[in-house]
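Engineer: From first to last, the protein sequence lines are chains L and F.
First residue of the first sequence: 158, per this note's numbering; consecutive thereafter.
First residue of the second sequence: 312, per this note's numbering; consecutive thereafter.
Calculated from the structure, these hints are not laboratory results.
Heads up, a few of these hints could be off.
[Stated by the list, open to error] Here are the in silico distance ranges between beta carbons for each label pair:
no., chain 1, residue 1, chain 2, residue 2, range
1, L, 587, F, 413, 41 to 51 Å
2, L, 312, F, 427, 33 to 43 Å
3, F, 408, L, 531, 50 to 60 Å
4, L, 181, F, 325, 33 to 43 Å
[Said to hold, decoys possible] Straight-line Cα separation of at most 30 Å, DSSO-like style, residue types lysine-lysine; simulated pairs:
no., chain 1, residue 1, chain 2, residue 2
5, L, 305, F, 393
6, L, 608, F, 425
7, L, 608, F, 399
8, L, 608, F, 368
9, F, 393, L, 360
10, F, 425, F, 393
11, L, 601, F, 371
12, L, 560, F, 313
13, L, 331, F, 393
14, F, 428, F, 368
15, L, 160, L, 379
16, F, 393, L, 601
17, L, 608, F, 428
18, F, 313, L, 566
The beta-carbon is built from N, C-alpha and C at its ideal position, and this holds for glycine as well.
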Amino acid sequence: MSKFTRVAIANRGEVAVRIIKACEELGLETVLLHSEADVNSRAYRMATHKVCIGPAPTAESYLNIEANIQGALAMGAQAVHPGFGFLSENAHFAQACEQAGLTFIGPSAEAIRTLGDKVSCKALAKKAGLPLVPGYEGEDQTLNTLMKEVEAIGLPVIVKAAAGGGGRGMKLIKQMSEAAEQIESAQREAKSAFGSEVVFLEKYLDRAKHIEFQIFGDSTGKVMHLFDRECSVQRRHQKIIEEATSPSLTEELRRKMGEVAVTLGTLGKYKGAGTVEFLLQDGKFYLLEVNTRLQVEHPVTEEVLGVDLVKMQILTAQNHFVWNDNEVRIPRGHSIECRIYAENSYMGGVPSTGLLGTVHWPEGPRRRYEFGFEKGDTITSYYDPMIAKAIVWDESRPRAIEKMIRVLKDATVFGVHTNIPYLIEILSHPEFVDGTMTTRFIEKNFAEGLKATHNEDERKKLSQGIYKKFIASGSGADAGLLTAANQGQTNSPWLSHWRGI
Amino acid sequence: MKLIDNVQVEKVGQTLWIKSGDKTWSYDIIDLSSEGQRRKKSNTASPDVIVAPMPGKITKVFVKEGDSVTVGQALLVMEAMKMEYTLKSDLETTVETVSAKVNDQVQVGAVLVKLVKQ
Numbered sequence: 158m159s160k161f162t163r164v165a166i167a168n169r170g171e172v173a174v175r176i177i178k179a180c181e182e183l184g185l186e187t188v189l190l191h192s193e194a195d196v197n198s199r200a201y202r203m204a205t206h207k208v209c210i211g212p213a214p215t216a217e218s219y220l221n222i223e224a225n226i227q228g229a230l231a232m233g234a235q236a237v238h239p240g241f242g243f244l245s246e247n248a249h250f251a252q253a254c255e256q257a258g259l260t261f262i263g264p265s266a267e268a269i270r271t272l273g274d275k276v277s278c279k280a281l282a283k284k285a286g287l288p289l290v291p292g293y294e295g296e297d298q299t300l301n302t303l304m305k306e307v308e309a310i311g312l313p314v315i316v317k318a319a320a321g322g323g324g325r326g327m328k329l330i331k332q333m334s335e336a337a338e339q340i341e342s343a344q345r346e347a348k349s350a351f352g353s354e355v356v357f358l359e360k361y362l363d364r365a366k367h368i369e370f371q372i373f374g375d376s377t378g379k380v381m382h383l384f385d386r387e388c389s390v391q392r393r394h395q396k397i398i399e400e401a402t403s404p405s406l407t408e409e410l411r412r413k414m415g416e417v418a419v420t421l422g423t424l425g426k427y428k429g430a431g432t433v434e435f436l437l438q439d440g441k442f443y444l445l446e447v448n449t450r451l452q453v454e455h456p457v458t459e460e461v462l463g464v465d466l467v468k469m470q471i472l473t474a475q476n477h478f479v480w481n482d483n484e485v486r487i488p489r490g491h492s493i494e495c496r497i498y499a500e501n502s503y504m505g506g507v508p509s510t511g512l513l514g515t516v517h518w519p520e521g522p523r524r525r526y527e528f529g530f531e532k533g534d535t536i537t538s539y540y541d542p543m544i545a546k547a548i549v550w551d552e553s554r555p556r557a558i559e560k561m562i563r564v565l566k567d568a569t570v571f572g573v574h575t576n577i578p579y580l581i582e583i584l585s586h587p588e589f590v591d592g593t594m595t596t597r598f599i600e601k602n603f604a605e606g607l608k609a610t611h612n613e614d615e616r617k618k619l620s621q622g623i624y625k626k627f628i629a630s631g632s633g634a635d636a637g638l639l640t641a642a643n644q645g646q647t648n649s650p651w652l653s654h655w656r657g658i
Numbered sequence: 312m313k314l315i316d317n318v319q320v321e322k323v324g325q326t327l328w329i330k331s332g333d334k335t336w337s338y339d340i341i342d343l344s345s346e347g348q349r350r351k352k353s354n355t356a357s358p359d360v361i362v363a364p365m366p367g368k369i370t371k372v373f374v375k376e377g378d379s380v381t382v383g384q385a386l387l388v389m390e391a392m393k394m395e396y397t398l399k400s401d402l403e404t405t406v407e408t409v410s411a412k413v414n415d416q417v418q419v420g421a422v423l424v425k426l427v428k429q
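Sequences are here, hints too, so could you generate the full structure?
Structural biologist: So this is what it looks like as structure tokens:
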């Protein structure tokens, strides 16, 4: 409806940076709504205005609807971009924004309720005769009922947060003996991450591929799709590597799934960017859920289609984006995204926190980096471990894979351990290379995580020699980093014993 | 960041970070100085001492002193970076002490549970 000139960002990290850049290009000012913990971040340094909305714990800041709205109003913003995660799929928030006179950059509260709530989305899809995975999405959320439903559906069963996404509040039940523990764990995670402990159950397809379609509803309500992405490489239901387009779809499947995605978006009166997720197994596809927001992996779609989804979102909210019927969009080449997590690849993926030293992302044609933290910033244990995304494009999938491996080998991240060695192994695995990986790829091939292949004594000796020269070169001081203690007192992974994930 | 013998080196806090070719690793400075070489490995891996593998919050404690536990049994649950991590026993034994309670914010390396050594 509205013309606006100042956009509040109810998010953090790399997506806040992404939104700030889109706003800058459109000549809009930004207001970063940040927690006390995020003062040392790129988004904080880049935003035109910023306001602290609460302490580090998400419930008191990024998930606090009132604090976000008050912050946006106090700084004179006229619109709010929620990014992804946090309040991005919260219909109450969308509604509260509109009630406070702020334009919510995303679908209407009604559309979020219809499509974003997995229970009502399934009901709508069922009515329209769209293909669904068998499951339970009833209102009775007692442990007893959920346990009975798990048995009725038949193992394996997956428990998911109704309000969720991103792998949080999601647990797999393989045996009845662990059902109660897994359900309760999912409920706690759901409550902590999304503020609602409602879960639903779904039959777990054990050799499925995760395929999703980017949909977009313009200012007039016309919904189109921007083709597909494949995100089968997941660990603990968290995506690690995404690509566009999927190497697994025939043209016929692509057309059919695209039609289902557009049908669902149209039925849900969808405006702005959304994603319809499917599972594909044995040539059959099942509707999984709709994410009523921008996705973490949106850049791969942007790369193969030459679009800017964040700008499209903002323009749609301003009533300035209308699909051009004469424009034919065809994906070109292949794009891959790797999520860089602050974790130790050699210790089962245990989170790694602390002060960042040098961070260097190697430049080159069609290499793109989305990151929210730089040298001198601190990675804390309060938030998601994703510190950056690397995105590449090339003419073909094999070349894109080669390029991504080069990029990861050349990247430098000091201060926290990252999953870069893990990503390189995955990208080099024959099953990934030939494109046949399923959502169980990690479980099947990397269940034990990575094993260190180096000789520890040799490495230590080498490091001691390097340290001597380092001191001799007059570099004994910290890397220009005056911020004192590195968060975890002992950073050395060889000192503490990790087990159990 | 410095280049020494074609290797990237940087001191961040009390840790030395090194990148050689495509491999990155780090050591606590104290382990690289001559003093550190004499330091005894006191905190090495031991399955009877369950330590926090990362900084975070304790969200659930399943065991108490004197409980018998089996291999793979969940002892407690931690939350960090919005994910839950279950710490499990690698031993079939009994619980000696439990030094963590729900809602504790713990540092990496903090001892949470001690099991009776076998």
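Engineer: All hints, please: hold or fail.
Structural biologist: Hint check results:
| no. | hint | verdict |
| --- | --- | --- |
| 1 | 587/L to 413/F: 41 to 51 Å | 45 Å, holds |
| 2 | 312/L to 427/F: 33 to 43 Å | 35 Å, holds |
| 3 | 408/F to 531/L: 50 to 60 Å | 42 Å, violated |
| 4 | 181/L to 325/F: 33 to 43 Å | 38 Å, holds |
| 5 | 305/L to 393/F | 29 Å, holds |
| 6 | 608/L to 425/F | 27 Å, holds |
| 7 | 608/L to 399/F | 20 Å, holds |
| 8 | 608/L to 368/F | 28 Å, holds |
| 9 | 393/F to 360/L | 25 Å, holds |
| 10 | 425/F to 393/F | 26 Å, holds |
| 11 | 601/L to 371/F | 29 Å, holds |
| 12 | 560/L to 313/F | 26 Å, holds |
| 13 | 331/L to 393/F | 23 Å, holds |
| 14 | 428/F to 368/F | 26 Å, holds |
| 15 | 160/L to 379/L | 21 Å, holds |
| 16 | 393/F to 601/L | 25 Å, holds |
| 17 | 608/L to 428/F | 27 Å, holds |
| 18 | 313/F to 566/L | 18 Å, holds |
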